[in-house]
Each structure stands twice: as structure tokens, then as C-alpha cells.
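Given these sequences and hints, build the entire structure.
Number of protein chains: 2
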Amino acid sequence: MPRNLKIVVAYDGGGFHGWQIQPQLPTIQGELQRVLEQIEGRPVAVAGSGRTDAGVHALAQVASFRLENPIPETNLRKAMNRLLPPAIRVLQVEQAPGEFHARFSAKSKLYEYRIWRPEICPPMLYRYVHHHPYPLEMAAMTAAAPLFEGTRDFQALAAADDDLAPGPRTIFSSRLDNGTDLLCYRVRGTGFLRHMVRNMVGTLLEVGKSNLRPDEIPALLEAGDRSRLGPTVAAKGLFLVQVGY
Amino acid sequence: MPRNLKIVVAYDGGGFHGWQIQPQLPTIQGELQRVLEQIEGRPVAVAGSGRTDAGVHALAQVASFRLENPIPETNLRKAMNRLLPPAIRVLQVEQAPGEFHARFSAKSKLYEYRIWRPEICPPMLYRYVHHHPYPLEMAAMTAAAPLFEGTRDFQALAAADDDLAPGPRTIFSSRLDNGTDLLCYRVRGTGFLRHMVRNMVGTLLEVGKSNLRPDEIPALLEAGDRSRLGPTVAAKGLFLVQVGY
Numbered sequence: 001m002p003r004n005l006k007i008v009v010a011y012d013g014g015g016f017h018g019w020q021i022q023p024q025l026p027t028i029q030g031e032l033q034r035v036l037e038q039i040e041g042r043p044v045a046v047a048g049s050g051r052t053d054a055g056v057h058a059l060a061q062v063a064s065f066r067l068e069n070p071i072p073e074t075n076l077r078k079a080m081n082r083l084l085p086p087a088i089r090v091l092q093v094e095q096a097p098g099e100f101h102a103r104f105s106a107k108s109k110l111y112e113y114r115i116w117r118p119e120i121c122p123p124m125l126y127r128y129v130h131h132h133p134y135p136l137e138m139a140a141m142t143a144a145a146p147l148f149e150g151t152r153d154f155q156a157l158a159a160a161d162d163d164l165a166p167g168p169r170t171i172f173s174s175r176l177d178n179g180t181d182l183l184c185y186r187v188r189g190t191g192f193l194r195h196m197v198r199n200m201v202g203t204l205l206e207v208g209k210s211n212l213r214p215d216e217i218p219a220l221l222e223a224g225d226r227s228r229l230g231p232t233v234a235a236k237g238l239f240l241v242q243v244g245y
Numbered sequence: 246m247p248r249n250l251k252i253v254v255a256y257d258g259g260g261f262h263g264w265q266i267q268p269q270l271p272t273i274q275g276e277l278q279r280v281l282e283q284i285e286g287r288p289v290a291v292a293g294s295g296r297t298d299a300g301v302h303a304l305a306q307v308a309s310f311r312l313e314n315p316i317p318e319t320n321l322r323k324a325m326n327r328l329l330p331p332a333i334r335v336l337q338v339e340q341a342p343g344e345f346h347a348r349f350s351a352k353s354k355l356y357e358y359r360i361w362r363p364e365i366c367p368p369m370l371y372r373y374v375h376h377h378p379y380p381l382e383m384a385a386m387t388a389a390a391p392l393f394e395g396t397r398d399f400q401a402l403a404a405a406d407d408d409l410a411p412g413p414r415t416i417f418s419s420r421l422d423n424g425t426d427l428l429c430y431r432v433r434g435t436g437f438l439r440h441m442v443r444n445m446v447g448t449l450l451e452v453g454k455s456n457l458r459p460d461e462i463p464a465l466l467e468a469g470d471r472s473r474l475g476p477t478v479a480a481k482g483l484f485l486v487q488v489g490y
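First to last, the sequence lines map onto chains F and G. Quick note on numbering: the working numbering labels position 171 of the first sequence as 171, and the sequence is numbered without any gaps. Quick note on numbering: the working numbering labels position 16 of the second sequence as 261, and the sequence is numbered without any gaps.
Rather than coming from a laboratory, the hints here were simulated on the basis of the structure. We put the beta carbon where it would ideally sit given N, CA and C, even for glycine. Please note: incorrect hints may appear among the correct ones.
As the list claims (entries may be wrong) - Reference excerpt, derived from the structure (chain F facing chain G, CB under 8 angstroms, subset only):
#, residue
1, Ala10
2, Asp12
3, Ile39
4, Asn81
5, Arg89
6, Trp116
7, Ile120
8, Pro122
What the hints assert, rightly or not - Rough simulated footprint, nothing fancy, chain F against chain G, three-plus residues with beta-carbon under 8 angstroms:
#, region
9, 248 to 261
10, 325 to 334
The following block contains the structure:
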């Protein structure tokens with residue numbers, strides 16, 4: 001009877017073509033399956049809580065898989081980290097109930113988007129922030145952020161080519177935190193369409209540039225018109241911070 | 246009459262073959278000279294405070310050069326940053342006295358070496374630390390660090406192939422700071438031989454592993470024997486923090 005295992009994984013998405021396995025391209029799922037196949041001696045299918053796009057980072061992505069190999073959890077974590085590139089780290093391995101599935105069991109996700117405000121973006125930081133050193137109307141942006149909260153069909157914020165499950169999503173909380181140098185947007189919801197968080201941030205930046213008024217957002221969300229809301233901001237500022245079960 | 250300019254530069258050395266210009270290879274000096282040639286319309290020779298090796302980072306390297314182009318200092322900084330890769334940032338540009346030279350005028354340098362102690366090294370950090378998750382005798386290491394202070398010929402800590410100027414160097418301060426997760430070694434001196442800081446850290450790690458006693462260090466430094474002191478640790482943990490004039 002194989003164990004059902006749950007792992008928590010952090011990664012720097014900069015060098016990967018996203019979560020989902022693709023032939024010939026480095027992906028997070030591909031790397032995890034490669035090392036688990038080495039450990040198990042045969043292919044292991046790894047399910048993630050959801051896909052992250054090319055360039056998106058994770059502080060705590062969750063994945064699950066079944067393993068026949070009786071290796072203790074701690075040793076499995078160490079073995080995986082020995083075999084994985086340093087840009088992917090397994091932070092935690094634990095046995096999960098048989099019915100646990102990283103994607104289907106997920107109840108919520110927390111994403112964070114980091115915008116660096118000073119004129120100069122430090123060399124050790126540019127991989128992990130979107131650099132926007134231009135003026136922004138902070139009061140309007142801060143007021144606009146919670147307007148994404150609620151339950152609705154978020155087609156207006158989906159990628160143009162999104163073919164994932166339609167239907168409503170709930171955004172529990174959507175807030176902008178204006179630090180000294182770092183503008184940090186945090187959003188927690190039941191699920192997100194492709195590019196949805198990056199389009200939310202693009203929309204907030206349009207508000208910050210006074211190209212859009214906060215009070216225009218609800219109607220645009222309602223209309224589901226993809227063309228009116230903000231552009232998709234860079235992947236490298238986005239972090240998957242937590243998956244709730 | 247060309248201006249003599251002093252610039253402060255930060256860089257992530259990970260993608261570069263060190264400071265010094267080399268044909269066909271990306272180097273910090275090479276990148277700076279490339280963009281200054283674009284701005285000046287003819288080659289500009291850039292002098293650094295000293296070379297940093299391949300993979301070594303800088304928070305505030307200093308360089309100097311002469312420029313005919315009358316572009317204001319602030320605009321020059323912006324123009325250089327527009328043309329440079331994001332891993333190199335010009336933090337400051339200022340006019341310097343005619344006799345100022347980044348190398349010959351330098352009076353001291355401060356280096357920092359970062360060692361990450363926890364079992365797992367985060368994906369966003371591994372480029373900027375040396376990962377050493379194994380036991381270390383901290384009391385012995387902390388006691389050994391100041392033994393490098395003083396004025397002497399540091400041949401025992403030079404790279405085997407070092408062909409730079411021999412002669413004495415003064416180490417003003419050499420201290421180990423044991424943080425919760427990060428072990429930070431800081432050393433300030435008049436100058437450093439090639440690999441010298443990394444060999445100091447290698448020696449301290451030998452002490453930490455109980456392969457060397459602190460009280461053996463002075464005689465080994467005195468004897469100038471390169472083979473007895475510690476190995477050269479990884480470049481990626483090393484930062485040039487400050488150059489004093």
C-alpha cells in the first residue's frame with residue numbers, strides 16, 4: 001500500500017518554464033518527478049496545488065504523490081534536496097490521509113506581489129520584484145485593492161487564452177501594503193484564473209497612474225471585459241505564499 | 246579638460262567572470278567600459294578599487310575614470326543603469342579631485358562573508374551565501390577570527406597562483422558574528438591578496454571543524470605556508486561591502 005505524501009516546496013521560478021511539466025523544458029513539476037523517479041525506481045506522478053506560470057516563485061507550494069519506497073519522511077526530504085537544483089527546495093514532507101490531493105483538497109491560496117519603488121533596484125533583488133520607480137497615487141490604489149474581494153466570475157481578470165475551469169471564485173482578502181521601499185500586494189482566495197493576480201496588480205497600477213478610477217472597477221469586473229482592466233505585470237514579482245487545506 | 250569621476254557600483258557577481266576585463270567573457274569592468282564607450286563615443290578606461298574574483302559580489306565597489314562628455318552626474322548614473330544589465334547597478338556618481346584614483350587612493354576595504362547554517366538554504370538565497378549546515382565549534386571560531394588582525398605578509402593566505410604585489414598588509418579588524426541562521430565574517434584591512442578573505446574563512450571553518458586549533462594560526466601565518474591553512478571557500482558567499490578613502 002503506497003503512502004500518500006504531502007510536500008511543501010519553495011522555488012525560485014526564474015529559471016523554470018512554470019510548474020507544469022513540458023517536454024525538453026525545465027519545470028518545477030518535471031524536476032520533482034525526475035528526482036522521485038530516481039528514488040522510487042519508476043515514474044511518480046506529482047500533483048501540485050495549482051500551476052504557477054513561468055517565472056513565478058513559491059515560498060510554500062504544496063504537492064502530493066504516492067510512494068511505494070518506505071524511506072522515512074525526513075530522509076526523503078534530504079534525498080530530494082540532494083537531487084534537486086538549489087533553486088527548488090523541499091521544506092517539508094509528511095504523510096497525508098489517503099484521500100488528500102494537493103489540488104482537489106486545496107481550500108485557499110495566498111499570493112504576494114512585490115513592487116520595488118526606489119529609483120535603483122539592487123542587483124540581489126531584481127529577480128524577485130517588479131521595479132516601478134515612477135509616481136503612483138497610493139491612496140487610490142489602496143482604496144481600489146479591496147474592490148476585488150467577493151465571489152464572482154473573474155473572467156475580466158483571466159488570461160486571454162485561459163482554458164481552465166470557468167465558474168465563480170471567492171477572494172477573501174485583497175490588500176495593498178505600502179512599505180518604505182516595497183509595495184506589497186497580498187491576495188487570498190479559493191482559486192485564481194491564469195494571470196489573475198498579475199492582472200489585478202496591473203489594474204491597481206493603472207489606478208495608481210490615474211488611468212482608471214477605483215469606482216470604475218466593479219462595473220468592469222461585472223462586464224467581464226478583459227480589454228478594459230490593467231495589463232499583466234511581470235511574473236518575477238509574484239510569489240505563491242501559502243496553500244490552505 | 247575631462248572630469249575625473251568616482252562611481253559606486255553594486256553587483257551580483259554570479260553571472261560574471263570577475264571584475265577584470267577579459268576578451269569574450271562577461272566581466273564587471275568590461276560591462277562598465279562598454280556602456281561608457283557608448284556614452285563617450287570612444288573607449289573609456291575604468292579603474293576599480295581592486296579586482297574581485299569570478300562570482301564575488303559587491304555592495305559598494307568603487308571605480309574611477311575620466312570623461313569628456315559634459316553629462317551631469319545624475320544623468321550619467323541613469324544612463325549607465327539604463328545600458329547595464331540589472332545585475333550591475335551604479336549607485337552613485339560624483340566628481341572627484343583630479344588626482345583621485347579608485348585603486349591607488351584606496352585606504353581600506355571591508356569584506357563580508359556569509360555562511361548559511363540551517364539545513365535548508367532558501368531558493369532565493371543560495372546565490373548569496375555559502376551553505377554549511379554541519380556542526381561548528383563556534384567558540385573556537387569566534388576566538389580565532391581576531392588572530393588575523395595586525396600587519397604582516399599574508400602569503401600563507403594568498404592564492405597559490407597570486408602574482409599581485411607582495412609586501413605587508415594590515416588587517417584592522419577581523420570578526421565573526423554568529424546570527425541565528427547566518428554566520429557573518431567581516432574583515433577590514435588596507436588590502437587583500439587574491440583569495441585571501443576566502444582562505445581566512447576556510448581557515449576559520451577548519452577551526453570550527455576542530456581540524457585546527459586557534460593557537461596554531463599565528464605560527465602558520467608566520468611561516469607563510471600556504472598548504473597548512475584552510476581551503477578556499479566558495480566565491481558566492483563573499484561581498485565587497487565598502488572601500489575607504
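Against chain G, with CB atoms and a cut of 8 angstroms, does the hint on F/Asp12 hold up? Given a least distance of 4 angstroms, the restraint on F/Asp12 holds.
Chain G contact restraint for F/Pro122 - C-beta distance below 8 angstroms: The hint holds - F/Pro122 has a Cβ within 8 angstroms of chain G, the shortest such distance being about 6 angstroms.
Can you take a look at whether the region 325 to 334 of chain G is actually covered by chain F? Rule is 3+ residues, C-beta closer than 8 angstroms. Our answer is that it holds, as 5 residues pass the Cβ test (under 8 angstroms) against chain F, meeting three.
When the least beta-carbon distance from F/Ala10 to chain G is tested against 8 angstroms, hint result: 5 angstroms, holds
A closest beta-carbon separation below 8 angstroms is what the hint needs, so does F/Asn81 meet it against chain G? OK, holds: F/Asn81 within 8 angstroms of chain G, min 7 angstroms.
Closer than 8 angstroms between Cβ atoms is the bar; does F/Arg89 clear it against chain G? Give me holds or violated. 5 angstroms, holds
For the restraint on F/Ile120, tell me whether the closest CB of chain G is nearer than 8 angstroms. Holds. Min distance 5 angstroms.
Coverage claim, chain F over the region 248 to 261 of chain G, checked by counting residues with Cβ within 8 angstroms (three needed): Result for this restraint: holds, n = 3.
Holds or violated: F/Trp116 as interface residue toward chain G, Cβ cutoff 8 angstroms? 11 angstroms, violated
Per-residue hint verdict: F/Ile39, partner chain G, C-beta under 8 angstroms: It is violated, given that the least Cβ distance between F/Ile39 and chain G is near 18 angstroms, above 8 angstroms.
Violated hints for the displayed structure, listed by number in ascending order: 3 and 6.
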